[in-house]
Amino acid sequence: MAKVPLEKQTLLNVNGDEAVAWAVKQSLVDVVAAYPITPQTIIVERFSEFVANGEVHTEFVAVESEHSAMSACVGAAAAGARAFTATAANGLALMWEILYIAASLRLPIVLAVVNRALSAPINIHCDHNDAYGMRDAGWIQLFVENVQEAYDTTIQAFRIAEDERVLLPVAVNLDGFFLSHTLENIRILPDEVVHEFLGGYRKIPKVKVDYLEDEVPLVLNPARPLSFGPLDLYDYYFEHKMHQIEAMKNVPEVVREVNQEWYEISGRKYGDGVLETLYVEDADVIITVLGSTAGTVKHVVRKFRRDGKKVGVVRIRMFRPFPHREIAEVLKNAKVIGVMDRGISFGSYGQSYLEINSSLYDYKEKPMLVNYVYGLGGRDASPELIEKMINELLSDAERGYVENKLRFLGVRE
Amino acid sequence: MVEERLRGWRELPLGAVTYRLSTDYKTGDWRALKPVVNLNKCVKCMLCWIYCPDMAVIWDGEKIVINYDYCKGCGICAQECPVKAIDMVPEYEER
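Residue numbers (the numbering used here), protein chains in the order written: chain A, 1456 to 1868; chain B, -5 to 89.
Keep in mind that the hints were calculated from the coordinates and are not lab data.
Be careful, since some hints might not be right.
As the list claims (entries may be wrong) - Going by beta-carbon spacing under 8 Å, a handful of chain B positions derived as facing chain A:
1. Leu6
2. Pro7
3. Leu15
4. Ala72
To be verified - In silico lysine to aspartate or glutamate, EDC-like type, Cα no more than 16 Å apart, as pairs:
5. Lys1458(A) - Asp1851(A)
6. Lys1696(A) - Glu5(B)
7. Lys1663(A) - Glu5(B)
8. Lys1764(A) - Asp1851(A)
The beta carbon of each residue, even a glycine, is placed where N, CA and C say it ideally should be.
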């Protein structure tokens, strides 16, 4: 596809939620079933306006809970629709059971997760523990850094999910309030360019079953009846899980391709689509981070570089499937890695720390790891705090050993 | 009864869809109690036919017949029969 020059891309002043709503509006989505929850509400609000104004063909289903929202999306997607929903925190927790079903039935649903802390106490602000809670559900998980990326990634998500090599649902994670309620100037592509990028309406893969002569589309249709996910005991369940395991292997390649293709059209790309790196080549200290905090970390790291300190950043854009080998190749030559997690697995470490730890285990020469748990419940990760963290890591690197592997950044004693 | 050979994951269709019809699975052997129809009492109201969740009650043109290949013995037909024409009999008594 040809590049769309910047002056042909409409300038919008929107927040992260609105950016997602605009992306969905342009993505020829057939069904949106959603239930409002802060800080996701604006996505649903804006999108229902598009529906009410007749600007989209989408069937909007106002459901009574998030469990129903995801169930409606499963039904719609099984009937061949391109389906979308959005939620946050407690709403995502209520969806949990159906998340697994969406993934194992290989339904390419796209879900915007506006990251928020889980109760109790009730907190509506940014935290990644909600997303980490769906880590094992079989979904692809992408984390965005800014409002522009929220728009870009939501459209990309449909392409990734529906790719025949993948056929898995995708969760697009954007930080609650930091992105969802923060205005940014973004560029959006013309409708017809997005339609062409997505290849029009959803294409349905085919399957072969014993009782029908020809291959049939993998959709619910009384004329060619299929049963999705009925009883499997110890005889077939394991085999069906292998399908999901295998499909996940194809995801990084597809995410990279889609990132590159998007770059050729829009002029925007996010690292290689999987990881985004800054100053890592010669770095002694590397920070790994997900989501909007990456912007602050990059800003601070540039300052350290101006002072001649060898510090770098890796932003993890794709958390599931986790890019173990790719990240290990980036990190292996550093002295200390500071792994930032806006979440914690109680009784263990932050969730991305566990991944990075296992990524590096097989290397003979490997960096020391420190886990920084920060920003729980929307606590600000200020440049001063990031500076403090990097200074600690620089002295760890100099000393050559790490005393406390699990540190809490910005909490009061 | 169901399968001559268990298939490997590479042979299974996508999306956990079944590759055979559910009628290939004769679920009648799950049954502990067996419905037995007393045709002298039956008034042919067909409530059993309506209520059977497995479509195992069949009208053969003259009378109702139970399809024991699929009847799981749940007893709903006996419960709903207004003239008590269906008895649930333990399987071992029948043999």
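*Of the numbered hints stated previously, which ones are contradicted by the structure, given in increasing order?*
4, 5
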